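J.: In the order they appear, the protein sequences are chains A and B. The opening residue of the first sequence carries number 1 in full-length UniProt numbering; numbering runs sequentially from there. The opening residue of the second sequence carries number 1 in full-length UniProt numbering; numbering runs sequentially from there.
These are calculated hints, taken from the structure and not from any lab test. Treat the hints with care, as some may be off.
What the hints assert, rightly or not - Cβ pair distances, simulated, as ranges: (1) A:ALA169 - B:ARG17: 47 to 55 Å; (2) B:VAL104 - A:GLU237: 28 to 36 Å; (3) A:LYS7 - B:MET161: 28 to 36 Å; (4) B:VAL104 - A:THR218: 34 to 42 Å.
Bear in mind that the values here come from a model prediction, so they are computed numbers and not experimental data. Every residue, glycine too, gets a C-beta built ideally from N, C-alpha and C.
In case you want the letters, here they are:
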Amino acid sequence: MPMSIIKNTAFYALVVVIVVCAVFPFYYAIITSFRTGSAIFTIEYWPTSFSVANYVNVIAAGSFARNLLNSIIVSACVVTLSLLMAVTAAFALSRVRFRGRSLLLLTILSVSMFPQIAVLAGLFEIIRLLGLYNTLGGLIFSYMIFTLPFTVWVLTTFMRDLPVEIEEAAIVDGATPWVIVTRVFLPLMWPALATTGLLAFIAAWNEFLFALTFTSSTETRTVPVTIALFTGSSAHEVPWGIVMAASVIVTVPLVVLVLIFQRKIISGLTAGGVKG
Amino acid sequence: MTASPTVRSELLRQRSRSARLFLLPMILALAIVAGWPLLRTIYFSFTDASLTNIDAAKWVGFKNYLSWIQLKSGRTIYSGLLVDPAWWNAVWNTVRFSVISVSVEAIFGMIIALVLNAEFKGRGIVRAAILIPWAIPTIVSARMWGWMLNDQFGILNDLFMRVGLIDHPIAWTASSDTAMIAVLIVDVWKTTPFMALLILAGLQMIPGDIYEAARIDGVHPVKQFFRITLPLVKPALMVAIIFRLLDAMRIFDLIYVLTPNSAQTKTMSVLARENLIDFDKFAYGSAQSTLLFLIIALMTMLAIWIGRVKLDGGER
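Excised from the complex, chain A in its bound form (with noise of 0.2 Å):
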């Protein structure tokens, strides 16, 4: 059967394209980050030299330590802080009737919607009305427009699709909602808090626009602030060895965790989507 050898292939070739598209960035990036001097300059697609100089340099040099204990400090809090008030909130509204709940569950998903630039300038203001202007607080502060909305839909539609059965057993015990949301619905939601809680995690150390405008020191600032304004003596000489370097230092974390909980994190997005 010729025919469906050459089907096959041609399956199997665009399988291989897929990959080696999706991976071969970051597989470049890893090469770069061990090649130093002039080595760098030279192009080569395998791994021809190893040298643990960049990372030696990065973690030494400046303040990319400090700004890997910021990201970390500003991710877990928002991700604390997001997931707390979600809980209760996602409970409220999926397992309570109440009047206004769809017009607050569109007001919800519209700010996951909305540009962090329409903030931008108000946000400003309340930071530094608060005081918070370069510090973490400010950013943790400013980071719940993203993490909150989207924690809170994520539940939602997950507390939605438990069965009525195993709150009534609670209610006719007499339970308040309280109890029945810590004892009853805290066991079981764990799976989903991990899930989205890792979720609204990458979505906090990923964060550019407000880390940059909210910051103005070294030491306040976090990782993707730092890679982005790494400079050389002059714009032509990015240390594009040191940037790999710290760029593979923030990445492979999330790429590790992502790869573990793969079928989770694929579940939480479309939870997200296609049934919101």
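Use these hints to put chain B onto chain A, whose structure you have.
T.: Showing chain B alone in chain A's frame:
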């Protein structure tokens, strides 16, 4: 329910009271970080506020949007955002970028989704591989591609010259002809996976026996795609396209890092931030932000209307 009506209604009252309490922190938080700043941005767009002295802002009406003076000769000179060529250039760039990138992503996303929907050895590897571009921060991908697209040492020029696509190195990000292409390449690479996963979720909801029946009837696979797959996956595809379109309209970080000084790629968000923060035209930047917000708000309303997004909160 065995409970008496009064107990039941008391329970319901308690439930809706708690619901209000449960929603309060979230609503307050959103009002402070989203609602209030948005109103202030709109307010600033009608003032002469400057970055260094926001408090001294005075109301100037529509001056930032459009104003005119009549010269003695009878000629009228217009000024303001609505007659600013830089603004309309940014609008055009944003629209061009959004339409092209989302169209290309929809096609590639559909191809990848169809591949992932087939049964074959190594499917898990492909799925894992396409998640990598999605997981990489936008700034990092801008930097990675900036290096690959470098005019002298970039691997893409080398690759394209080896296979004979180009005969001399191209300054992808710096040249005005190719800056937009460079941005599009990176954006398509980065966001096609998201599109593919959303389309794949739609494909997996199509029952397999439809294809079975089509195969028995001898329907050609290409015809199957256009007559069965495409109509059935259309709702999921539309949602994915709308999500991505709204997202593309507000693009900032990729362009800010990859092609910082190119007028060919300056989008509304990039231009607005430049005015707000770098040029000390806070009020003018606010007016641009407000217009971008209005455009996206209109698009969102249209999207909800077209996409018929379910908002009733389900049956329960």
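J.: So, for every hint listed, does it hold in this structure?
T.: For each hint, the structure was consulted:
1. A:ALA169 - B:ARG17: 47 to 55 Å: 22 Å, violated
2. B:VAL104 - A:GLU237: 28 to 36 Å: 34 Å, holds
3. A:LYS7 - B:MET161: 28 to 36 Å: At roughly 33 Å between Cβ atoms, B:MET161 and A:LYS7 fall inside 28 to 36 Å, so the hint holds.
4. B:VAL104 - A:THR218: 34 to 42 Å: 38 Å, holds
The structure fails to meet hint 1 from the earlier list, while all remaining hints are met.
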